[in-house]
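Letter by letter, the chains look like this.
Protein chains: 4
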Amino acid sequence: FDGESSQAFKVHKGMGLINHVFNADSLKKLYVSNLGIGHTRYSTSGISELQNCQPFVVETLHGKIAVAHNGELTNAVRLRRKLMRHGVGLSTSSDSELITQLLAFTPPLENDDTADWVARIKNLMNETPTSYSLLIMHKDIIYAVRDPYGNRPLCIGRLIPVGDMNGKGKDNSETEGWVVSSESCSFLSIGAEYYREVLPGEIVKISRYDVQTLDVVPRPEGDPSAFCIFEYVYFARPDSIFEGQMVYSVRRRCGQQLAIEAPVEADLVSTVPESATPAALGYAQKCGLPYVEVLCKNRYVGRTFIQPNMRLRQLGVAKKFGVLSDNFKGKRVVIIDDSIVRGNTISPIIKLLRESGAKEVHIRVASPPIRFPCYMGINIPTKEELIANRPEFHDLANYIGADSVVYLSVEGLVSSVQESIKARQENENSLKTQKSRVGKIGHCTACLTGEYPVELEW
Amino acid sequence: FDGESSQAFKVHKGMGLINHVFNADSLKKLYVSNLGIGHTRYSTSGISELQNCQPFVVETLHGKIAVAHNGELTNAVRLRRKLMRHGVGLSTSSDSELITQLLAFTPPLENDDTADWVARIKNLMNETPTSYSLLIMHKDIIYAVRDPYGNRPLCIGRLIPVGDMNGKGKDNSETEGWVVSSESCSFLSIGAEYYREVLPGEIVKISRYDVQTLDVVPRPEGDPSAFCIFEYVYFARPDSIFEGQMVYSVRRRCGQQLAIEAPVEADLVSTVPESATPAALGYAQKCGLPYVEVLCKNRYVGRTFIQPNMRLRQLGVAKKFGVLSDNFKGKRVVIIDDSIVRGNTISPIIKLLRESGAKEVHIRVASPPIRFPCYMGINIPTKEELIANRPEFHDLANYIGADSVVYLSVEGLVSSVQESIKARQENENSLKTQKSRVGKIGHCTACLTGEYPVELEW
Amino acid sequence: FDGESSQAFKVHKGMGLINHVFNADSLKKLYVSNLGIGHTRYSTSGISELQNCQPFVVETLHGKIAVAHNGELTNAVRLRRKLMRHGVGLSTSSDSELITQLLAFTPPLENDDTADWVARIKNLMNETPTSYSLLIMHKDIIYAVRDPYGNRPLCIGRLIPVGDMNGKGKDNSETEGWVVSSESCSFLSIGAEYYREVLPGEIVKISRYDVQTLDVVPRPEGDPSAFCIFEYVYFARPDSIFEGQMVYSVRRRCGQQLAIEAPVEADLVSTVPESATPAALGYAQKCGLPYVEVLCKNRYVGRTFIQPNMRLRQLGVAKKFGVLSDNFKGKRVVIIDDSIVRGNTISPIIKLLRESGAKEVHIRVASPPIRFPCYMGINIPTKEELIANRPEFHDLANYIGADSVVYLSVEGLVSSVQESIKARQENENSLKTQKSRVGKIGHCTACLTGEYPVELEW
Amino acid sequence: FDGESSQAFKVHKGMGLINHVFNADSLKKLYVSNLGIGHTRYSTSGISELQNCQPFVVETLHGKIAVAHNGELTNAVRLRRKLMRHGVGLSTSSDSELITQLLAFTPPLENDDTADWVARIKNLMNETPTSYSLLIMHKDIIYAVRDPYGNRPLCIGRLIPVGDMNGKGKDNSETEGWVVSSESCSFLSIGAEYYREVLPGEIVKISRYDVQTLDVVPRPEGDPSAFCIFEYVYFARPDSIFEGQMVYSVRRRCGQQLAIEAPVEADLVSTVPESATPAALGYAQKCGLPYVEVLCKNRYVGRTFIQPNMRLRQLGVAKKFGVLSDNFKGKRVVIIDDSIVRGNTISPIIKLLRESGAKEVHIRVASPPIRFPCYMGINIPTKEELIANRPEFHDLANYIGADSVVYLSVEGLVSSVQESIKARQENENSLKTQKSRVGKIGHCTACLTGEYPVELEW
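Chains as they are written, first to last, in the UniProt record's numbering: chain A, 1 to 458; chain B, 1 to 458; chain C, 1 to 458; chain D, 1 to 458.
Treat the hints loosely; a few may be bogus.
Copies of the same chain look alike in the list, so a pair counts if it works inside one copy or between any two.
With a cut-off of at most 30 Å between alpha-carbon atoms, the simulated DSS-like pairs for lysine-lysine come out as follows [to be verified]: (1) K319 x K297; (2) K331 x K82; (3) K297 x K320; (4) K122 x K82; (5) K286 x K331; (6) K320 x K331; (7) K139 x K383; (8) K440 x K319; (9) K286 x K139; (10) K122 x K359; (11) K422 x K359; (12) K329 x K422; (13) K139 x K82; (14) K297 x K351; (15) K319 x K205; (16) K286 x K329; (17) K351 x K331; (18) K205 x K331; (19) K297 x K286; (20) K205 x K383; (21) K139 x K422; (22) K359 x K286; (23) K122 x K440; (24) K383 x K331; (25) K139 x K331; (26) K351 x K319; (27) K422 x K331.
These aren't lab readings, by the way, just hints derived from the structure by calculation.
Chain A with its partners taken away, still in its complex shape:
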């Protein structure tokens, strides 16, 4: 029990944008130190309140730990009752508090004079299969943990001296420290370079200069891994790297695949700025049609306080975009969208394009329709809100006012995602590298197919 060093944790939390929560004042109050955990979360399980904000910090008999959790436990209700039955009062509705108390609680404690945190982490992983990527800070160590299914992303970056940020590779330059993040895109902006992913089930111990695999907890025999396919489709920034491939490249392949599955006779290919641009460029190139901009973003759009009357409600879309009508007047337009979830944003855009002179408007969606809820950390509208579950879906083109609308198939998406992974894995297998420990590759497509990677407990 080292009260003093454990007291050294300094916590700052807040709700809202990072730049508001972490301003000059609050940053000054945080210690200048070598070690830290940050967390942003759009709370999925648990109410959106400050108390649910991470990291969770608790003092245990063996010092303070701070825990940051990305994901959502599929057996949270059972774990909750188990802890309360042992007499632990739970102060939040967050499943991340369960993880923290399970780490503090793990018996037997009476004879436990030296804290074995790896044993505690493995016990935790035996209690709950998915989904969680965790950072656990204790004294001068951070443990980075990914659940055995690898449902949520987690990767490691290497801080390198500024002078050496020249892509010479890790062998040539000194390491200044390590960073861990859900998305690799964050590394560049803090002067780090992508090092590697934490593997499904892996427990990594990170200290000032060292990254060390402590263990890899396996999945049940035969279960494939289950990384969330929606990270590729929608959530991740295009420059992020998952499973060895750039998200942008996957999205462009989705566009190419879509061109194969659903070609259309048209004059130009475009997109709604700006997330579907890679798919649109892929589609255009595969079809041999020109890629043309039809809308420009209104950069300074913000909250509007003007009284909402009939006129202005209809103008919602026109507030967000400018129309480059000269670019498509009298032409047949294919619009590539990354996903149609509720169906109420694409409809006024189609109307706007037609009013500005488009001759035909065809919609191609670079992902399959979402039909099922996610219980593993992604906030998806209710089943009733999803357009794919509603009667209008049977005549969707008519409902949204398009000349035609086609979604990418599940198979098309999965193959676009797995194509280069499998190629590389075959290659690696032939080399019998350590990476083969990942086991059978799969992806969680639960929101598209209803097939969840583990049984859900209630």
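With chain A fixed as given, assemble chains B, C and D onto it according to the hints.
Chains B, C and D only, in chain A's frame:
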């Protein structure tokens, strides 16, 4: 386990002034309901952070409880280790979390199908002697608990129909509900009238229309009660009632007692606005000297951003007060102060009065010097900062620039406080009323004498 | 034309409390300099908008001037038309802009190579008789001007070295600079001492070390001066000095006079905290009754966001005050108030005192009833809102629930104000001092009597 | 003089973003009315202070006027002295106040019983040649005025019923009102359609339903018009229309022209998101090279409070962009930029691309180098800051780290801008339409060539 009703707790916390934390928005979000706990605390044990804000709300196997705590546990360190040894991760440094987890934890829980909250509260009271006044909310019941020594105040008010707010007494008017507070002065402003104190050791169960004593946990044989005497001297609002007497009356008696102990030949009696006015009026009346105002408050004083230079540092007092020099020019002035803690505020006031024409300035302090730290909830400067522990104290008049300075004696203070309590108690004893359960009356004078009501644990 | 030095004016304005408008940031942006004008005004003529905020700064052919104005011009409408007829576009509704443009405009300008600011100021004073106290800043000079009737206050203070702030008198200590203010009470808090008033009609030129009378513009033959009597009654801080006397002393004399005019058989004298305390002490002393506190202020009252229902509207007063009921239970109470304007604040206080046990409640008001509007800078409720103009006034005691209510007479007020002025003036006249230039002493009692010091123009 | 209706102007101003200045509160306070002027200005002449904010509102003998001004007067100093010589005190340093006072002042006023606002506007236009686009509001009329050189843009839009927003053209649908703006791109978002430009020198009178040309003030014989060419290059939103053409189309033509003037052997064409995209697509199409994205925007970048150390200063660019390295690794890249002003933003981008694997990086700039200050309303860095005036410019490719860098020629820019205007004008001239009143078409290229459209006065 009644998940639904326990979910009905709605919590809003914040740091800062009540009017900032509870604004129109936050109040709207709180349920319109019949039951609630509020809490403001200048944190004494535990860091001043949002997480330490009360009430503490935890979910237990038998539903949610919310706990508000006024006071400070004298054996917090031992309780802390005990809980952690049982595997409870503690998320704050607050002793109020210990109380909450002890209520959730109390064994045996395995066979505990029906929660016996009174037994849990009594167990808690056996674990820790003082100091705590507690409100514990569970479903539609609030338990009001005061520690056996009665160190912190707690009293009950009765909401009465507005039309009946005419002092006719409780028998004649309908009761609309109950309120519990540390200070009775808060009742008037919400339309309630003072009903009675919670007695030392008493566990009171409060529901919509009913107030019921469940038990009175006794002190160890022979120990007197130990209500904080500093509430009378300094903290409480003058219109508050403790132990059956108005604080204002106690302060006036202190002034009268001070006139007996330390008379002075002078022309007028005055005070530093505005907390010592009752003592000053009592002193003036007892001495037969006129009560005259010498300073007026500068109502709009606030933070000043002007660069602090030599001139302005010396002007600090002049910023807070205006001088009514015509009222005392050429006169001998007695200034009554309620306490001199550090000695650095009275000194520039004396200087200001002299510069404005006072012939003599005598200081009379209506309480004894503070010499010892408080470990029961009051935030007192460190021993080194207390003027009474410093060498200057031996020639205090000279140090602060007064012609003379005399403090009230501890005996004088205690007798001013206990005079009417004892008179009433004798009267009540002769009537053999229920109130005799209070036991031997005493007061905590630890900060003045170093005699703490219980042994301190570290 | 000295563009460079005139550019050196640095202006910062804002609406709201001084501490919000002048924060660390805005003060840093103001030049560190030897010369400045500040202004706070509760706008009476002209809408309450930032543009109307003073000082008004304009560039003229002879450099920039900044003008701060306290008062309200009685012939603003005529001056407004006159300026617009000359082709000046007026950007605010404030009469202070008229003063500024009249100073810029004064013809003949074509041949005016050297700016004669004193001539311009005298021209301005010939255009408008009252009411204005002005500070006019040009380059390194400030002109302090008071209208010939002296309706608004203006006085000069002397900054003295801190070490010398010991009341030795102005001859013994060095002068560090000069300050000008409406109220002398502000001097103490910035380390200055009261020097003298600006006389009615006086034009004073103030530079770094020098204060010099340039001229005294006389009133029409026979007109007495007309300083606002309401400054004594209500507006000024009690430690301010006007016409050689402390406001506190005038108020105490009003209380004494009220005791002579309207005695009452009672047990104690008290007041509503805190503005009427001097009058209450004067009344109590004259009557030989004890002065006792019956209410204490609730220090932290602020905006309340609680939904206003029947109960809470009735509790308004109870939110502002605590009741010291033990001090007056069963007693006959005289409450001294400084003024009753609308009559809706004293009424619930009387009710509260009765409900808390007062046997009788008598109200004595230390000023006469207000019946007429002010057109010279004081914001007074409309004639219809003034209780003295409403039918309820005929049975006021009954209307507000008091046992009796009596106002001070106009003659009583005037004599309380002028008593010591006249005594001193006789003394000075016999010494033939310079002060005799003030002429016949009078006071503006327009709001009480309807007799305005000058004819009003529309 | 109609005081009442002129009082109906309601003004709200503030500094900062529109959404902060015009929030729900401030909008509620503005009258619901049929007429209004809004203005946003990045102040170029006159200090950036609230007082300089537009519209300027003044009361004149003939009622209130409100004036909004876009532009900067080339003879402001002379006009300033002229007004002050007439006795007008000027309260701001803004040239827009000069315009307002000149409109109020215009003699002869003594006999001027009916205000002839058109005469006043024409007088103003005779006093100052350029640059100004004005909106002048008086009672229920708005006058829209553009200076004879047409230096600043101004155009009129037509509010049409929502149901009719279908591009059927103005003849078929009812007009609901008129709007005037600098840029037509704002029309769509408020439900208006582009109607026409205000011509150089034109005075347009706009009432509820009517748009009427009152006069067109001519330029001196032989002077061509001088619309700011930088609006095309940089300032305007791409969907805006000037002189009958969409800005996006001009920018794409600039890219095409650049491909003709400065081709390069490369593998792909890209851009720095996102203003140069039209030029990049034009360049790519003309060259026959693929258009590929190399950077993605970091959407949530904001102020960063992290202590600026060596590492982080070098990371500035990496904070704004993500690198899509897989898209260009080992390739020769052409980056199209819209302008290089100071040269310090492109340099780290080139470094970033090289470090991420680009084989060659060629820069092509779709506008000529800026070399001269603008005195007509555009805020341009000082001559010393402009890269084109510094020695490094002689070896610019080396300085910024590019393999090559070429700017578009002035002739290339002018022809890209004028190509379709001239084609249309020839066509119109042959039809002898009213539009021929515009006279000889030219553009202000002063910042590129130093040739100002009028002589500059000091």
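Honestly, which of those hints from before does the structure not fit?
Numbers 2, 7, 8, 9, 10, 18, 20, 21, 24 and 25, in rising order.
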